[in-house]
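**Student:** Each chain, letter by letter, is given below.
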Amino acid sequence: KNEVEQSPQNLTAQEGEFITINCSYSVGISALHWLQQHPGGGIVSLFMLSSGKKKHGRLIATINIQEKHSSLHITASHPRDSAVYICAVPKYSGGGADGLTFGKGTHLIIQP
Amino acid sequence: EAQVTQNPRYLITVTGKKLTVTCSQNMNHEYMSWYRQDPGLGLRQIYYSMNVEVTDKGDVPEGYKVSRKEKRNFPLILESPSPNQTSLYFCASSGGRTGDYEQYFGPGTRLTVT
Numbered sequence: 087k088n089e090v091e092q093s094p095q096n097l098t099a100q101e102g103e104f105i106t107i108n109c110s111y112s113v114g115i116s117a118l119h120w121l122q123q124h125p126g127g128g129i130v131s132l133f134m135l136s137s138g139k140k141k142h143g144r145l146i147a148t149i150n151i152q153e154k155h156s157s158l159h160i161t162a163s164h165p166r167d168s169a170v171y172i173c174a175v176p177k178y179s180g181g182g183a184d185g186l187t188f189g190k191g192t193h194l195i196i197q198p
Numbered sequence: 303e304a305q306v307t308q309n310p311r312y313l314i315t316v317t318g319k320k321l322t323v324t325c326s327q328n329m330n331h332e333y334m335s336w337y338r339q340d341p342g343l344g345l346r347q348i349y350y351s352m353n354v355e356v357t358d359k360g361d362v363p364e365g366y367k368v369s370r371k372e373k374r375n376f377p378l379i380l381e382s383p384s385p386n387q388t389s390l391y392f393c394a395s396s397g398g399r400t401g402d403y404e405q406y407f408g409p410g411t412r413l414t415v416t
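Protein chains in written order, with the numbering used here: chain A, 87 to 198; chain B, 303 to 416.
The hints are simulated quantities; they were obtained by calculation from the structure and are not laboratory data. Don't take every hint at face value.
With a Cα cut of at most 30 Å, we get these calculated BS3-like pairs of lysine-lysine [claimed, not checked]: (1) B:Lys319 to A:Lys87; (2) A:Lys141 to B:Lys373; (3) B:Lys359 to B:Lys373; (4) B:Lys359 to A:Lys139; (5) B:Lys373 to A:Lys87.
Nothing here was measured: the structure is a model prediction, and the numbers come from that model.
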């Protein structure tokens with residue numbers, strides 16, 4: 087079973103700061119997901135990546151398959167980026183099970 | 303619009319009273335899952351389905367049942383709810399194996415069992 091560790095658990099920053107959230111996993115994977123959950127809200131998929139880097143607006147996700155590590159970066163952070171960011175990896179590793187294993191999330195607060 | 307819907311969004315019930323949380327997707331997805339989210343524990347999978355009539359247990363299936371009679375619907379059934387099933391529940395779907403395809407989540411159902 088894949089284990090997923092995220093850091094930091096909580097992060098408070100000032101508007102405009104560069105944010106980095108880290109995710110490590112224990113078993114090789116085909117793809118890694120970054121998810122966003124706003125307070126009281128649902129969960130949306132930000133990125134799914136299997137190698138290299140992806141960018142969407144001010145969000146950048148990178149992954150190093152060899153080191154089993156991914157990072158989510160937010161440039162020029164804004165109060166509306168305040169949310170919980172969750173890393174997730176596939177449960178299966180050659181087996182038949184399906185679904186995701188999740189990190190416990192990073193609670194990000196951006197202060198004006 | 304591609305979406306996953308859940309009903310109800312909020313539910314307060316009493317111990318032992320059977321309830322069903324519905325989940326429906328309009329994307330013709332084969333793969334669907336139910337997750338529960340608890341403080342300090344994060345999201346954990348309850349059940350999943352890879353197609354009509356194909357379902358299997360996730361990490362925390364005790365006390366839950368599911369069915370998949372139609373591709374679009376994947377209801378979660380609590381036959382005899384207990385207070386430890388108080389949680390935030392999410393349904394999700396994807397176009398293929400969950401690890402390889404983008405996940406679409408429902409808006410969540412907040413359940414309180416007293």
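**Student:** Against the structure, test the hints numbered earlier, and report the numbers of the ones violated in rising order.
**Tutor:** 1, 2 and 4
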